[in-house]
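Student: My request is simple: use the sequences and hints to build the entire structure.
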Amino acid sequence: MQRSAGSRRRRRNTSRPFLGGAMAVIAAGALTVTGLVSTAQAADVNNAKNAGFESGLANWSCSAGSGATVSTPVRSGTSALKATPAGQDHAKCTQTVAVKPNSTYALSSWVQGGYAYLGVTGSGTTDVSTWTPGSTTWTKLSTSFKTGANTTSVTVYTHGWYGQSAYFADDVEVTGPDGGGGGDGPGPVIPAAPAGLTAGATTTSSVALSWNAVSGATGYKVYRDGVQATTSTGTSATVAGLAADTAYQFTVSATNAAGESVKSAAVSARTAKPGSGGPGPSVPKHAVTGYWQNFNNGAAVQKLTDVPADYDIIAVSFADATPTPGAVTFKLDSAGLGGYTDAQFRADIKTKQAQGKNVIISIGGELGTVRIDNDASATAFANSVYALMQDYGFNGVDIDLENGLNATYMTKALRQLSAKAGSGLVITMAPQTIDMQSTSGEYFKTALNIKDILTVVNMQYYNSGSMLGCDGKVYSQGSVDFLTALACIQLEGGLDPSQVGIGVPASTRGAGSGYVAPSIVNAALDCLTKGTNCGSFKPSKTYPSLRGAMTWSTNWDATAGFAWSKAVGPHVRSLP
Numbered sequence: 006m007q008r009s010a011g012s013r014r015r016r017r018n019t020s021r022p023f024l025g026g027a028m029a030v031i032a033a034g035a036l037t038v039t040g041l042v043s044t045a046q047a048a049d050v051n052n053a054k055n056a057g058f059e060s061g062l063a064n065w066s067c068s069a070g071s072g073a074t075v076s077t078p079v080r081s082g083t084s085a086l087k088a089t090p091a092g093q094d095h096a097k098c099t100q101t102v103a104v105k106p107n108s109t110y111a112l113s114s115w116v117q118g119g120y121a122y123l124g125v126t127g128s129g130t131t132d133v134s135t136w137t138p139g140s141t142t143w144t145k146l147s148t149s150f151k152t153g154a155n156t157t158s159v160t161v162y163t164h165g166w167y168g169q170s171a172y173f174a175d176d177v178e179v180t181g182p183d184g185g186g187g188g189d190g191p192g193p194v195i196p197a198a199p200a201g202l203t204a205g206a207t208t209t210s211s212v213a214l215s216w217n218a219v220s221g222a223t224g225y226k227v228y229r230d231g232v233q234a235t236t237s238t239g240t241s242a243t244v245a246g247l248a249a250d251t252a253y254q255f256t257v258s259a260t261n262a263a264g265e266s267v268k269s270a271a272v273s274a275r276t277a278k279p280g281s282g283g284p285g286p287s288v289p290k291h292a293v294t295g296y297w298q299n300f301n302n303g304a305a306v307q308k309l310t311d312v313p314a315d316y317d318i319i320a321v322s323f324a325d326a327t328p329t330p331g332a333v334t335f336k337l338d339s340a341g342l343g344g345y346t347d348a349q350f351r352a353d354i355k356t357k358q359a360q361g362k363n364v365i366i367s368i369g370g371e372l373g374t375v376r377i378d379n380d381a382s383a384t385a386f387a388n389s390v391y392a393l394m395q396d397y398g399f400n401g402v403d404i405d406l407e408n409g410l411n412a413t414y415m416t417k418a419l420r421q422l423s424a425k426a427g428s429g430l431v432i433t434m435a436p437q438t439i440d441m442q443s444t445s446g447e448y449f450k451t452a453l454n455i456k457d458i459l460t461v462v463n464m465q466y467y468n469s470g471s472m473l474g475c476d477g478k479v480y481s482q483g484s485v486d487f488l489t490a491l492a493c494i495q496l497e498g499g500l501d502p503s504q505v506g507i508g509v510p511a512s513t514r515g516a517g518s519g520y521v522a523p524s525i526v527n528a529a530l531d532c533l534t535k536g537t538n539c540g541s542f543k544p545s546k547t548y549p550s551l552r553g554a555m556t557w558s559t560n561w562d563a564t565a566g567f568a569w570s571k572a573v574g575p576h577v578r579s580l581p
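One gets the working numbering by counting positions in the sequence shown from 1 and adding 5 to each.
Everything labelled a hint here was simulated from the structure, so no lab data went into it. Any given hint might turn out to be false.
To be verified - Straight-line distance between alpha carbons at most 20 Å, and here's what the computed EDC-like set of lysine to aspartate or glutamate pairs gives:
#1 Lys535 with Asp501
#2 Lys546 with Asp476
#3 Lys355 with Asp396
#4 Lys478 with Glu497
#5 Lys543 with Glu497
#6 Lys308 with Asp347
#7 Lys151 with Asp132
#8 Lys571 with Asp311
#9 Lys105 with Asp49
#10 Lys336 with Asp353
#11 Lys543 with Asp531
#12 Lys546 with Asp501
#13 Lys268 with Asp230
Stated by the list, open to error - Simulated restraints on C-beta separations:
#14 Val194 with Ala73: 16 to 26 Å
#15 Lys478 with Gly341: 36 to 46 Å
#16 Thr144 with Gly70: 18 to 28 Å
Just so you know, even glycine gets a beta-carbon here, dropped at the ideal spot from N, CA and C.
Tutor: Take a look at the structure:
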């Protein structure tokens, strides 16, 4: 989010691009790739193995059996990769590549066919990606990355997109200093067993697990009582479909092209008893969340006391990053807000709380880069947010990070914060639609990991383009079906209905795309809670305890004469 007027891509109120570039593709057809400019040196080598797929899928692992090698089309040699998205699988193919620490690498691949993405994770610095919306001829994707001080391997990946046609890839290159296993040399060895398996948050039907990364692993298998329960490409997973108040034993193994490791040491966990968990009593059963802008970008400038009573949770936007990784701070933009003083702001927080409202501090926004990717940054985050709560009296925190989120360490940070703040802590989240398409996503994993202390996830149903609904069909933004079919993914993916809200712009000026009239929001709420006013998609059951709705922002709502809150606020309060 840009705090002053700027280009469409640089303002919170006009556009919010996706993590890794994902589906802003469909809506906007353009993406800025974050990366480092790199020029290969004479001694550089291609560290990718089987880079042209001449040895089939050796050294590569493709999700859900989506990948195969073909003899046509090929860019060079005799083979290329063909990967086909299906349902909620976007045909992701990965390879673990050996690299040197503190080094710059050029990453490229030739692609053809449907939407194609190329990227890298585990760099130890900034992971990067790039994409193309598809081509009938071979097109080169290129970006670059720098490794961290302790990085000896990275995961390179390609993938397509949901509901799109197959893509082809050939001649993958990870060009830079020899990592010690580059080129088409010997293949990987079977990885070691994972260490550090721990059980995290539990619900009545799920257990969250995490473990340490294993060098050379491209994936992990999770076992429940000796039977494989799920897989993961990262170092965490949530095992769902469990019985309430029941003890289970879990193990995990590491996999790559060479095979599967022995299983880890077992860990036991017991699911929660029925009726346990959930947010504290300070938030109404059905609630409306609004973001309040601590900056002037053309929307109406407000004091907190100008926010209508229709809003139950007010998210002050935004806290700022500090030089300390993970830590945040906040300073009122008094000049931009027409002389609104810090003392008056603090008094207005107390006034709103006396009226039964929750005022929380929001972390992130489009341009708010706060990285929590190790134990130190997790602790710094928890300590700094708690300090702001103590200083200003905020009731909690909103997680609106749009530039990357690590589920393992964000979970640790929020649990540390919860331990400090106690049961009254309000935690909200505002992921983009791409972040909640699958329970394997970092945002979704975080939400499930903290389900016992999470208040509500208000996903942003805008600046999105088309997305898959829970029925596997593709829906376009701006319709009641888009709201209901995407909410269904969260409702069926493990979140309690009381932890699901619908986030939309307050006016046509509040976002680049995806605005819907308040009547559409109300229809979606009716469809999900009562089974009425649905579009072509109708959920298999109703969710009467659905939390409510959210809007960006109270300021844009004021600019439009509070049309949004006047219509949606009373409707939310009338829900079952």
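Student: Take the hints in turn and mark each one as holding or not.
Tutor: Against the structure, the hints:
1. Lys535 with Asp501: Status holds; Cα separation ~16 Å.
2. Lys546 with Asp476: Measuring from Cα to Cα gives roughly 13 Å; hence the hint holds.
3. Lys355 with Asp396: 12 Å, holds
4. Lys478 with Glu497: Holds. Lys478 to Glu497 sits at ~15 Å (cutoff 20 Å).
5. Lys543 with Glu497: 14 Å, holds
6. Lys308 with Asp347: Satisfied, since the Cα-Cα distance of roughly 11 Å is no more than 20 Å.
7. Lys151 with Asp132: 9 Å, holds
8. Lys571 with Asp311: The hint holds at about 14 Å.
9. Lys105 with Asp49: 11 Å, holds
10. Lys336 with Asp353: 15 Å, holds
11. Lys543 with Asp531: 11 Å, holds
12. Lys546 with Asp501: 14 Å, holds
13. Lys268 with Asp230: 12 Å, holds
14. Val194 with Ala73: 16 to 26 Å: 25 Å, holds
15. Lys478 with Gly341: 36 to 46 Å: 44 Å, holds
16. Thr144 with Gly70: 18 to 28 Å: 26 Å, holds
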